[in-house]
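Number of protein chains: 2
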Amino acid sequence: MNRQKIKIFDSTLRDGAQAEGISFTIEDKIRVLEALDILGVDYVEAGNPGSNQKDMEFFQRTRDMELKNVSLTAFGSTRRVNIFVEDDQNVKALLLAQTPSVTIFGKAWDFHVTDVLKTTREENLKMIEDTIKFFIENNKDVVFDAEHFFDGHKADKEYALEVCRVAANAGASAIVLCDTNGGTMPYTILNATKDCVEICKSCNSVDVGIHCHNDTGMAVANSMMAVEAGARHVQGTMNGFGERCGNADLSSIIPNLQLKLNYLCIPEENMLSITEISRKISEIANIKHNERAPYVGKSSFAHKAGMHIDGVNKNASSFEHLNPELVGNERRFLMSEQAGRSLILKKVNKIEPRLTKESPETVDIINTVKRLEHQGYKFESAEASFELHVRKVLGYYNPFFQLKHFKVTVDEPKPDGSFSSTAMIKVEVGDKEEIAAAEGDGPVNALDKALRKVLLGFYPQLHEMYLTDYKVRVIENTDTTAAKVRVLIQSTNGSQTWSTVGVSTDIIEASWIALVDSIEYSLIKSNTKNL
Amino acid sequence: MNRQKIKIFDSTLRDGAQAEGISFTIEDKIRVLEALDILGVDYVEAGNPGSNQKDMEFFQRTRDMELKNVSLTAFGSTRRVNIFVEDDQNVKALLLAQTPSVTIFGKAWDFHVTDVLKTTREENLKMIEDTIKFFIENNKDVVFDAEHFFDGHKADKEYALEVCRVAANAGASAIVLCDTNGGTMPYTILNATKDCVEICKSCNSVDVGIHCHNDTGMAVANSMMAVEAGARHVQGTMNGFGERCGNADLSSIIPNLQLKLNYLCIPEENMLSITEISRKISEIANIKHNERAPYVGKSSFAHKAGMHIDGVNKNASSFEHLNPELVGNERRFLMSEQAGRSLILKKVNKIEPRLTKESPETVDIINTVKRLEHQGYKFESAEASFELHVRKVLGYYNPFFQLKHFKVTVDEPKPDGSFSSTAMIKVEVGDKEEIAAAEGDGPVNALDKALRKVLLGFYPQLHEMYLTDYKVRVIENTDTTAAKVRVLIQSTNGSQTWSTVGVSTDIIEASWIALVDSIEYSLIKSNTKNL
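In the order they appear, the protein sequences are chains A and B.
Counting with the numbering used here, you get residues -18 to 512 for the letters of the first sequence.
Counting with the numbering used here, you get residues -18 to 512 for the letters of the second sequence.
Note that identical chains are pooled: a pair holds if it fits in a single copy or bridges any two copies.
Taking lysine-lysine pairs in the DSBU-like style, the calculated list, with each CA pair at most 30 Å apart, reads: (1) 261 / 279; (2) 73 / 351; (3) 35 / 331; (4) 388 / 434; (5) -12 / 175; (6) 269 / 279; (7) 328 / 351; (8) 452 / 388; (9) 138 / 295; (10) 295 / 135; (11) 99 / 328; (12) 135 / 175; (13) 385 / 413; (14) 373 / 395; (15) 295 / 35; (16) 434 / 395.
Treat the hints as calculated values from the structure; they're not laboratory data.
Make the full structure from the sequences, and use the hints.
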């Protein structure tokens, strides 16, 4: 069967950049563009060169970039009221951006025309027509965003549709219906989109598109409803980044359309990398990736209820709507009291296969886990610390060193105003004592360096190991600066990666606990004599 | 007009507790129940007494609680295969819970009956019928969850509907259609729900209900579609907490149904507290509240694009789908390069009304903000630090003290294994020097105490001020423990609250910067001589 194509228009770099907390540098934007090109979306809307100098610089920098899949597009408004299109500063800026495509927005809600633009309904149509024609004459592919289309359709349906008709006749390749305020219901989206699809039938090369915001939590579903009504171009952002509640999330929409409804959005083989690309873009934006995000989240295929775990073990489709591998994600089983003993036992059996659910050691381990969870520990993402606790309960653990003393000092400002952190550590290994000191960027960094230094003579294999991630979370806000913190550390030896956790009211102590776990885990893995 | 009632069934404490990272104590559960009762939902499903001892304890503890609005319900499965209902352990546990209502789940997908339960289709119907009748005889209000209804409807429509018919005839007050795996499309939900509504018409007192999961990002819209099809009972969780991608988010669904479609879900006046209750429940669950959450998020009515801010200033409805006050939320304008000078000027004019967009001081301020943002600062939620920076640029700032020296020490483990943190601070105020030291739970707590102590003799008004929140975020993960951290501090003097920010690779330095800003802002507000 020939699959119907839906064009995917990504606005992470334009509408996504309106999100609270997001501020892309030009370098960031280039990395996002590269990732989206690998994913294989059709358009990347990357900025508004008329209103933002940094966006103009971005378009200059990317002029010679070779893109495999993406048509780069610059965003801007129609010409202003009562001005020749070629004299409009914003229109000039769009031309200067030298992108193959431009995305022009114009008003489709009569209230905005008269009350925000303060012009006539006729002049608004003329502004749209003039601007699109101008760019068509300049050999651009023009996407037209009918701003506030759905509110306009409700207020004055004929006018909203006239805006679409004018834009289609002027030569736009897509008429994109925007739910700018994000308040429209799925049913209304369906019916109003059908009206525009009907109008556009006479222009055989124009696509109807959809652009939703998530203010009622339905941006993804609203986009799906528009496709149901005949839309063939979907705008959104990766991870739903965007102003207020965000835009329609392409990392949900693309799998929904392609894997559930058999449309073609991106090259089939690229679906396997959508999880990785979604997470990478969160990382570039420096926004914590939404663990609960459909398809691409860390928890999206994580099972905790004992009953669900049993079901999935019997037959994955009993509690999973999709095979996680299809989107490059993975199934996970979580530890918790609800998961029951069977999951903990499964993990314990990797260390000691003889234990059963009823063994007293298993009960001890479960009690230890509960006690630590009560203190604020979480082992869901710190399996190395979990394994160390199991070993301690089972007696399969010999400490690799004894801490004799450490001291961390953050001292008076230096002449340049900066702070100085030092750590001194004294340890005992066997019958030998060793002491070392290090200076670092902050007390935790100093401690990490000093601990490595003091142990290296005893355990040269620590050379290969280093930290790859360090996270701090305040877990009780009641006592303010005396609140507990949970520190999560990720480490690697190049081939394996492991995570450890420490909890304390003292960030230094919490970091110390996680650092020691990380080093001990590394030594256990490289030194099976310890078993 | 008589508004149609939709019953709201909250499962935050049962299905919500399946979320990765959530682990409610009994105390937590009681606080959530109280909050939901204040909100005014109809049912609170609070646990599974048959499979979790802690849940049974919860039901014992809450037996005498007086609830204004909520009917408390305990969750469990039908009797097991080939056993008398009164002999089933789980059924007994449900009775012991002594709740006015019980929620029984049974299989509506033939594949689950034969492949997971490994029984016959007839026995499954009998299990459902026996169990519901048993609880009706025991004077319970019975809600029946038709697990996997939509997958079942697809696989064998007649059987799935037969399950509903049997449950309705046995006396259940609601037949709840569950999209257990969360993979169903809005259209399918609509049509399958209509089938069940049709079946239930002959039982005049039974409601059709809906229970959605968010695995395709459409749980809210799917719930809305079911209501469109005639469902009058909606299950979900606050903030969408739940296994995998979460459950349908009641904090979106309730305003959607009540404010957009004029149904009655909760007492009208309670809508004003939905934002507060949603945030409180996140706090109890110790999950960061989703800032982008529809209606109740911190960013949900936050405007960043200059054009949008201008529009909202002219007429709020131009870029807002709803008045944020209706849900107890508020409009915010964010500072950023895109917001342009006008917003920064608005804030600057509060301090110095004479400045214009073109004043060199305004340009200086914008450049300062940009430089600091580049270093990792964010002023969106730290307006007190922003004001201090503006004052510094304008020369409206005299430091309240000079730091001469400080030293923070975290020393060797004490005999009990704990760590000791001390801070010593020496400051100069005018021509006087003063020195103080303090011990604390961790270095930041010690520093906070010592700073307050050393300044109190000079500024007794600091007595009234204290910290209410302390947050740490690692903002660059590349250098691991040497990564930059951003510290956000919230302080209050009892009547006003303000937030400050500090950034450094050193957590002590970042905390110090935010602490000093917080104290200086407090002194400025209590001491207008400084202006």
